[in-house]
Structure formats: C-alpha cells, structure tokens
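Undergrad: Quick mapping for you: the protein sequence lines, in order, are chains A and B. Just so we're aligned, residue 1 is where the first sequence starts under this note's numbering, counting upward by one. Just so we're aligned, residue 376 is where the second sequence starts under this note's numbering, counting upward by one.
If you are wondering where the hints come from, they were derived from the structure by calculation, not from laboratory data. Beta carbons are placed, not taken as given, at the ideal position from N, Cα and C, and that holds for glycine. Hints should not be assumed to be uniformly reliable.
What the hints assert, rightly or not - Output of the computed footprint for chain A on chain B, the stretches with three or more beta carbons under 8 Å from beta carbons of chain A:
1. 706-718
2. 739-747
3. 752-759
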Amino acid sequence: MMRIELVKRPQRSALFSVLSPFIAFALTMIAGAIMFALLGVNPLDAFNIYFIQPISEVWQLHELAIKAAPLILIAVGLSVCYKANIWNIGAEGQFIFGAIFGSIIPVLFPQFEGPLVIPLMLLLGMVGGAFYASIPAFLKTRFSTNEILTSLMLVYVAQLFLDWLVRGPWRDPQGHGFPQTIQFGDSAVLPELMPDAGRANWGFVFALVAAVAIWLMMSRMLKGFEVRVLGSSPRAGRFAGFGLNRMVFFTFLLSGALAGLAGISEVSGAIGQLQPVISPGYGFTAIIVAFLGRLNPLGIVAAGLVLALTYLGGEAVQSALGISDKVARVFQGMLLFFVLGCDTLIHYRIRLIGVTLMKPNAAKLDAAPKLEEAR
Amino acid sequence: MSANHDRSNLLEVRGLTKIFGSLTACDYIDLNIAKGEIHALLGENGAGKSTLVKMLFGSLEPNAGEIFWGGKPVKITSPGVAKKLGIGMVFQHFSLFEALTAAENIALSLNDGSPISTIAAKARALSFSYGLPLDPDSLVGDLSVGERQRIEIIRCLLQTPQLIILDEPTSVLTPQEADKLFETLERLRSEGKSILYISHRLEEVKRICDRATVLRHGKVVGHCNPREETAASLARMMVGSEVKAVERAPAEGIETAPALLEIRGLTRKPATPFAIPLKNINLTVRAGEVIGIAGVAGNGQGEFFESVSGEVLQQDAGSVRIRGKDAGALSITGRRLMGAAFVPEERLGHGAAPRMKLSENLLLSRHATDGKAFVGSGGMVKNSAVYSAAQRIITAMDVRKSAPDPEAAALSGGNLQKFIVGRELDRKPSVMIVNQPTWGVDAGAAARIRQALIELARSGSAVLVISQDLDELFELSDAIAVMHNGQLSAPLPIAEATFEKIGLLMGGAEPGHAEHSLEIA
Chain A
1 MMRIELVKRP
11 QRSALFSVLS
21 PFIAFALTMI
31 AGAIMFALLG
41 VNPLDAFNIY
51 FIQPISEVWQ
61 LHELAIKAAP
71 LILIAVGLSV
81 CYKANIWNIG
91 AEGQFIFGAI
101 FGSIIPVLFP
111 QFEGPLVIPL
121 MLLLGMVGGA
131 FYASIPAFLK
141 TRFSTNEILT
151 SLMLVYVAQL
161 FLDWLVRGPW
171 RDPQGHGFPQ
181 TIQFGDSAVL
191 PELMPDAGRA
201 NWGFVFALVA
211 AVAIWLMMSR
221 MLKGFEVRVL
231 GSSPRAGRFA
241 GFGLNRMVFF
251 TFLLSGALAG
261 LAGISEVSGA
271 IGQLQPVISP
281 GYGFTAIIVA
291 FLGRLNPLGI
301 VAAGLVLALT
311 YLGGEAVQSA
321 LGISDKVARV
331 FQGMLLFFVL
341 GCDTLIHYRI
351 RLIGVTLMKP
361 NAAKLDAAPK
371 LEEAR
Chain B
376 MSANHDRSNL
386 LEVRGLTKIF
396 GSLTACDYID
406 LNIAKGEIHA
416 LLGENGAGKS
426 TLVKMLFGSL
436 EPNAGEIFWG
446 GKPVKITSPG
456 VAKKLGIGMV
466 FQHFSLFEAL
476 TAAENIALSL
486 NDGSPISTIA
496 AKARALSFSY
506 GLPLDPDSLV
516 GDLSVGERQR
526 IEIIRCLLQT
536 PQLIILDEPT
546 SVLTPQEADK
556 LFETLERLRS
566 EGKSILYISH
576 RLEEVKRICD
586 RATVLRHGKV
596 VGHCNPREET
606 AASLARMMVG
616 SEVKAVERAP
626 AEGIETAPAL
636 LEIRGLTRKP
646 ATPFAIPLKN
656 INLTVRAGEV
666 IGIAGVAGNG
676 QGEFFESVSG
686 EVLQQDAGSV
696 RIRGKDAGAL
706 SITGRRLMGA
716 AFVPEERLGH
726 GAAPRMKLSE
736 NLLLSRHATD
746 GKAFVGSGGM
756 VKNSAVYSAA
766 QRIITAMDVR
776 KSAPDPEAAA
786 LSGGNLQKFI
796 VGRELDRKPS
806 VMIVNQPTWG
816 VDAGAAARIR
826 QALIELARSG
836 SAVLVISQDL
846 DELFELSDAI
856 AVMHNGQLSA
866 PLPIAEATFE
876 KIGLLMGGAE
886 PGHAEHSLEI
896 A
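Using the sequences provided together with the hints, build the complete structure.
TA: In structure tokens, the structure reads:
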C-alpha cells in the first residue's frame with residue numbers, strides 16, 4: 001500500500017509563485033482540449049470559437065467588460081476576507097441583496113426621478129450587501145459559527161427571497177404574469193460609458209476604482225497591515241492590539257458592500273429590472289477570480305477578464321457547436337482546481353511512502369514520535 | 376578517545392553528517408557512549424544537538440556517517456527501529472494526551488495489546504522501584520509538568536532500553552524535583568544502562584555526567600570529563616569565547632520610588648479546562664527595580680502575562696494599575712499608550728508574525744504608541760520611517776541577519792529575540808513586562824538582553840521578568856516572587872533568596888497552601 005504525503009518545502013520558489021497562474025491556465029487548456037476531443041469537436045476550432053472569436057470586435061469587448069465588472073468588484077472584496085483568513089463564501093447572496101435594496105427606489109418609487117436616483121440606488125445596494133453579510137459576521141462573533149456554512153446557506157435564502165419578491169409583492173402588474181418587476185425608469189439605469197461603441201456601463205469603472213483603492217489599502221495602509229497580520233498570525237495580531245471580531249465585521253461588511261454594489265450595478269446597468277435569476281453565479285465564480293488573481297487586487301482585474309471570457313465562450317460554443325453552456329462551469333472548475341494544485345505544490349512536495357516495507361508494528365510505534373515532530 | 380573501538384562501547388558514531396539546504400547542522404560528528412555511563416551532550420541552541428539526537432532516534436536520516444550498536448553497524452531508519460535496538464528517548468516537549476490517564480498514554484505508545492490494568496500495574500511497580508511515584512490512573516491534564524515527565528520516563532523504561540536519551544530534562548523541574556531525577560539516573564547507571572544527557576546547565580552536567588561531548592556550530596569541539604572542568608571552561612568550549620558576565624549595580628532608594636506597576640487582587644477564571652486559574656495576585660514593581668517571577672512552567676505564568684498585558688481584560692479595572700492609573704479595563708493598545716511594553720514568551724506567532732518583515736514586525740507593537748511617526752494622514756504607513764527605525768534597533772541590539780529587512784522567521788531564535796526586546800526598549804517604556812526573555816537564546820545574546828533589561832530599570836523604569844531559568848532570575852532581579860498553581864508568593868529580596876528557598880516555593884511549599892506541596896527530597 002502506498003501512502004501519499006505532502007512535505008513542506010523549506011522555501012517557496014519566487015519564480016513559480018509568479019508563474020503558477022499561467023501554468024494553471026496552460027493545464028486548463030490541455031484538459032479542455034481533451035474534453036472537446038471527447039465531445040467530438042476539433043479542439044482547435046473549439047478554442048477559436050471559445051476564446052478568440054468572443055473578443056474579436058469592439059462591441060464584444062464591451063460585453064466582456066460587462067461580465068468582468070461584477071466578478072472584479074466581488075473578488076476584490078473577497079480577497080480582503082481571504083487575506084484575513086475569514087471565509088466569506090456567500091457573495092452570491094450579498095450580490096442579490098444589493099440588487100434588491102438598490103431596486104427599492106425604481107420599483108416602489110418609480111415616480112422619483114433625477115440625477116440623485118442612481119447614487120442613492122448604488123448606496124442602497126452597498127447597504128443591502130453589507131447588511132446581508134453582517135448576518136454571518138454576527139453569528140461568527142457571537143456564537144462562533146463557521147462562516148463558510150452560514151454565508152453559503154444564506155445564498156439560497158437570498159435566491160428564494162428574490163424569487164418570492166418578483167413573483168409576489170414586486171411583480172409588474174402589467175407584466176402578463178411574468179415573474180419580474182417593472183422596467184426601471186431612465187434615471188434608474190446606470191449610464192453606458194461609450195453608447196456608440198458598446199453596452200459597457202459604469203460598473204466596470206467602479207470595479208477598476210475598487211481594485212486600485214483596495215490595492216492601496218492592503219499594501220500601504222495600517223488597515224491592510226491589520227488584515228494581513230490577523231490573517232497570517234492571529235495571536236500576533238491580538239498582541240498588536242487588533243481585534244479579531246472587529247476584523248470579522250470589517251471584512252464581511254466591506255466585501256458585502258462591494259458585492260452589493262456589483263448586484264445593483266448589474267441589475268440597473270445590464271438587466272434593467274429584477275427577475276428570478278439575476279446572476280450566472282458571479283458570487284461563486286468570483287472566488288476563483290480572487291485566487292487566480294493571487295488575492296492581489298491588480299491581479300484580480302486580469303483574472304476577472306479571463307473568467308468573464310469563459311462565460312462569453314460558453315455562450316459562443318453553445319450557439320456555434322451545440323455544446324451545453326455548462327462547459328463554461330467546467331472550464332471555471334478546472335481553472336480553480338489547477339490554480340489550487342499549483343499553489344499547493346509551490347509550498348509542498350509530494351512524497352510517496354511505501355507502508356508495506358515496514359512491519360506494521362514498527363509503523364504503529366512511529367505514531368508517538370510523529371506527534372512530537374508535528375509540534 | 377575517538378580511536379577507541381572498545382567493545383564496551385554501546386553506541387559508536389562515526390562521521391555523522393546532516394545537511395539542510397546550505398546549512399550543515401551536523402558536520403562529521405564522532406561520539407562514543409560506553410555501557411553504564413551518563414554522557415553529556417553540551418552545546419548552545421543551534422549547535423546541532425537536536426539534529427544529532429534525532430538521527431540517533433531515527434526521526435532524521437543522516438546524509439553520511441555510520442552508527443555502530445554494540446560493535447555492529449546499524450541503520451536507524453525510524454523510531455521503531457531505534458526502540459527495537461534498545462534506544463529510548465524522553466523529549467523536552469511531551470507528547471501526552473491531556474484528556475487521557477497516565478496508563479492510557481503509556482498503553483498508546485506500547486501498543487502491544489496488553490490490557491490497561493496490566494500496564495497500570497507494571498507502571499506503578501516500576502515507578503516506585505525507581506523512586507518516581509506516579510498514579511497511573513490520574514488524568515494527565517491534572518498532573519504537574521514534573522509528574523508528566525515521569526510518565527514519559529516510565530513509558531521509556533517500560534520498553535527496557537539500553538540507552539536512554541534525555542533532552543533538557545531539568546528545564547521544567549524545580550531544583551528538588553531535579554535532585555530526585557538525578558537519583559533515578561544514578562540508579563539506572565548502576566544497573567548498567569547508558570544515558571545520553573542533553574543540557575546546557577553546566578553545574579548539573581558537572582554533577583552527574585561521566586563524560587561530555589561538546590558541540591559548536593555542528594562540529595564536535597571536544598570530549599572531556601566534566602568533573603575535571605569548571606563551569607567557566609565548559610562555557611568557553613560551548614560558546615567559543617568568554618561570555619561577558621552581566622553587571623547589576625545595586626538599586627538604591629527603591630522603597631521610596633513611585634510604584635509604576637501595581638497588581639491588586641488579580642483573579643482570573645480558567646478559560647479552558649486545562650488553563651490555570653489566577654488567584655488573588657498582588658505585586659508592586661517600583662521605578663528602578665527588576666522583579667523576577669520564578670515558577671515551573673504551566674503554573675499560570677502564561678495566563679498572568681495575558682492578563683497584565685491586556686490581551687485579556689479584567690473585570691475589576693483597579694486590579695492592574697500602570698503609573699498610578701487603573702488599566703484593567705484597557706486593551707493592550709491602551710496599556711501601551713500608558714507607557715507599558717510587553718515581550719511574550721513565544722517569539723514566532725505571538726511576539727512576531729513569522730512571514731512578515733522585521734520592519735512590519737516593528738509596526739506590530741508600535742503602530743499606536745508611535746502613531747505620529749509611523750502612520751501618516753489617512754492611515755497610510757510611512758514605510759521609510761518604519762524601515763529606518765527597524766534598522767536603528769537592529770544596530771542597537773546587534774541583530775545578525777542575512778538581508779537588510781528579512782522575514783522574522785528567517786532569523787535565528789536569539790537574533791529575533793534581540794529584535795523583539797529591542798523593539799520595546801527603543802520606546803524607553805516606563806513599565807516593561809517580559810516573559811522568558813532568553814528562552815532558547817545563545818549565551819552571548821542572553822547576556823546582552825539581560826544587561827539591557829537591568830539598564831532599563833536603573834534608568835527609572837519598572838521591569839518585571841517571568842522566567843523558568845533560576846540562574847537568569849538570580850542574575851537579573853532585585854527581588855524574586857514565585858508563581859505556583861496560579862498564586863504568587865511575596866517577593867523575596869535577592870539578598871535573602873537562595874536556590875533552596877525559591878525551589879521550595881516553586882514546589883508549592885508556602886504557608887497557606889502547603890497542601891499543594893509535592894513530595895520533596
């Protein structure tokens with residue numbers, strides 16, 4: 001019988017730390033080629049349709065920006081959480097609550113118009129996302145619940161709550177019974193950046209501003225230092241006088257607000273009304289974006305564009321080759337798998353241990369000193 | 376002696392070498408251990424003692440060299456092989472499950488399927504015959520550190536080893552408990568067993584060891600008979616140069632000096648089932664003096680440090696007072712702003728963040744007290760100011776490092792400790808509280824840290840030192856108090872304190888709670 005052990009490397013290779021996302025991307029391509037071949041499609045044709053054609057014209061770049069904006073906004077917030085070793089998995093729910101809160105004005109007060117509407121909607125969106133993120137933060141600090149579970153489960157609550165809203169109290173009375181709200185008025189629609197060239201809206205600008213601001217905070221400000229200390233060595237953080245509970249709230253509220261901003265930007269900019277499903281899983285895909293970007297806000301901008309392309313490519317292969325657009329999820333999953341795999345192998349090397357070579361008694365006797373070494 | 380191939384040698388080591396990356400931890404080491412001798416392995420931290428022992432016990436594989444057991448070449452590929460040969464080891468840090476009984480812990484490592492009751496009976500018989508009384512049915516969590524060590528020793532003896540390796544065994548014992556241990560070791564020697572005794576305490580090596588092998592920087596620098604050497608000559612072999620003695624000018628006018636740190640009736644409930652509750656602790660540290668707190672590890676020192684530093688807050692704000700003001704309700708940052716500074720026991724992960732640079736680790740404890748100097752408008756860190764302050768500390772404390780601003784984890788223990796102590800001294804704090812200031816620090820660095828603490832006190836600050844190292848406390852302190860079982864004795868002025876008196880208090884023999892006293896030789 002063979003046993004596989006991960007042995008910590010004495011030092012990390014700086015070169016491979018930088019190369020890791022690219023190696024992961026290359027491995028994803030290879031695995032993707034195998035997948036397309038198994039589906040009976042020429043991999044080169046498929047790659048052309050999947051990765052090249054969707055970004056060969058200017059209007060398509062605008063579509064890319066529309067898809068990338070929520071991914072970047074959410075992932076930038078999540079990167080702060082993950083740096084602090086706090087695991088917010090519920091950005092999808094915070095995204096939805098941002099969309100719901102921000103939609104209060106155009107849905108319930110459609111007669112309220114003017115230049116103030118959009119800023120107020122965005123603000124409410126951030127409040128909504130932050131509010132929804134405060135629930136797992138409260139549960140964690142008050143009852144020591146595991147935030148991974150609570151934040152994830154709250155996603156389904158949010159999805160069902162939105163579903164109920166658009167079928168029930170917020171349904172458009174003139175909508176022929178379709179489960180959706182009224183179309184937002186003109187002053188409640190997020191303006192496009194360059195209406196002549198494509199549909200991209202201000203959401204992409206928000207994403208870039210957020211990325212730069214968070215990068216500045218994490219690398220230059222005391223707050224970012226606090227996040228990094230508490231994330232890497234909580235006891236040293238407590239010695240520094242940084243409160244872990246305050247940090248839980250800070251990271252959840254920040255990432256929730258950014259997810260909420262992404263939610264209202266998406267609804268107000270790209271969709272124009274609330275409907276039962278407003279996200280193709282942005283909140284979950286953003287987790288991949290955050291790690292592919294090495295939890296660095298500037299890396300996240302690049303990673304967000306790559307993952308946005310997997311959505312566009314998924315739609316493209318569906319229409320051109322008749323392959324299910326679930327293939328986008330497969331690509332995203334493989335990418336995350338290879339990124340995490342590469343990162344693990346940067347920190348650890350694999351050692352195979354043949355257990356049968358030793359007498360079972362001797363192997364068991366090892367257990368006690370192993371305990372000692374582990375300390 | 377190295378050419379001696381006498382068959383009376385139980386263990387012979389020839390040219391044993393272990394290389395970690397660019398560091399040669401053990402460099403062509405020769406060692407002979409005869410039957411029935413107590414052999415000392417001496418060396419400073421980082422000299423390669425642990426690496427050598429791990430190779431003998433099969434936890435590490437040597438890069439080169441041979442090991443002979445009873446004259447025959449052997450390969451010790453795992454601790455299981457070592458045990459089968461007859462090598463037993465008692466580690467410095469115990470591997471015991473606190474929630475199990477002593478007998479259950481022993482059964483786990485024996486793993487021969489015999490019922491617990493048989494093992495308990497054997498352990499009881501063995502423990503009494505070696506003068507190490509032990510109740511096999513007691514929960515490990517309830518036992519003192521000295522008693523836990525007995526479990527480890529008995530667990531080792533039950534496997535009837537020919538060679539017993541003891542790693543720093545007295546570092547957790549009171550002087551009286553150590554005496555007891557020495558009797559046991561002498562008894563084992565008289566039965567023909569060999570003992571490899573690892574220590575840096577020269578007096579005890581002189582007292583019980585027949586021969587000594589001294590390591591420095593991974594090399595054997597000499598074999599000797601410790602009884603023919605002086606402590607100073609042994610130290611010179613270990614360190615390679617004379618160690619400067621710490622000078623302590625007499626403290627004057629302490630009685631009338633202002634009390635800078637006052638602890639009044641400090642009480643704390645245990646936070647976990649195995650934590651020690653603090654019971655009504657009272658202590659005053661005045662400007663200009665160093666007070667030492669002695670005690671066997673795990674008697675509440677960690678809990679006490681957390682309470683005084685403000686990592687844990689007090690119910691009663693008046694139970695900790697700094698410079699005459701209540702501080703019990705203030706956080707560690709609040710207490711720092713009142714002029715207090717803290718150095719915790721653990722360097723990596725508590726006093727410093729391992730993966731952060733030294734300059735960032737400077738910010739760790741001083742972002743608030745030096746807020747104006749280090750943090751600009753809008754919460755931006757002034758990196759250049761922090762960097763130059765870190766370099767100032769590095770120079771002042773002679774911190775040796777491989778890069779201008781390395782990660783904390785890249786420094787050796789002693790150099791990191793110099794930086795962590797220097798980081799606080801640089802502030803000229805009026806109250807300084809240090810837990811284990813020189814634990815695992817080489818002799819040269821330790822002397823420097825101790826001298827700096829004395830100078831801080833003499834310049835008008837109050838210094839409180841918690842330590843398990845009695846030699847250190849006698850060197851540093853103007854008075855020594857003893858912590859036992861969460862209670863603190865009244866400080867004994869250094870002129871009246873003796874090893875014996877402090878040792879008795881460490882064992883719990885203080886009027887008022889004599890019922891806790893261990894059996895004392």
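Undergrad: So, for every hint listed, does it hold in this structure?
TA: Evaluated hints:
1. 706-718: n = 5 at 8 Å, threshold three: holds.
2. 739-747: It holds, with 4 qualifying residues against the three required.
3. 752-759: holds (count 5)
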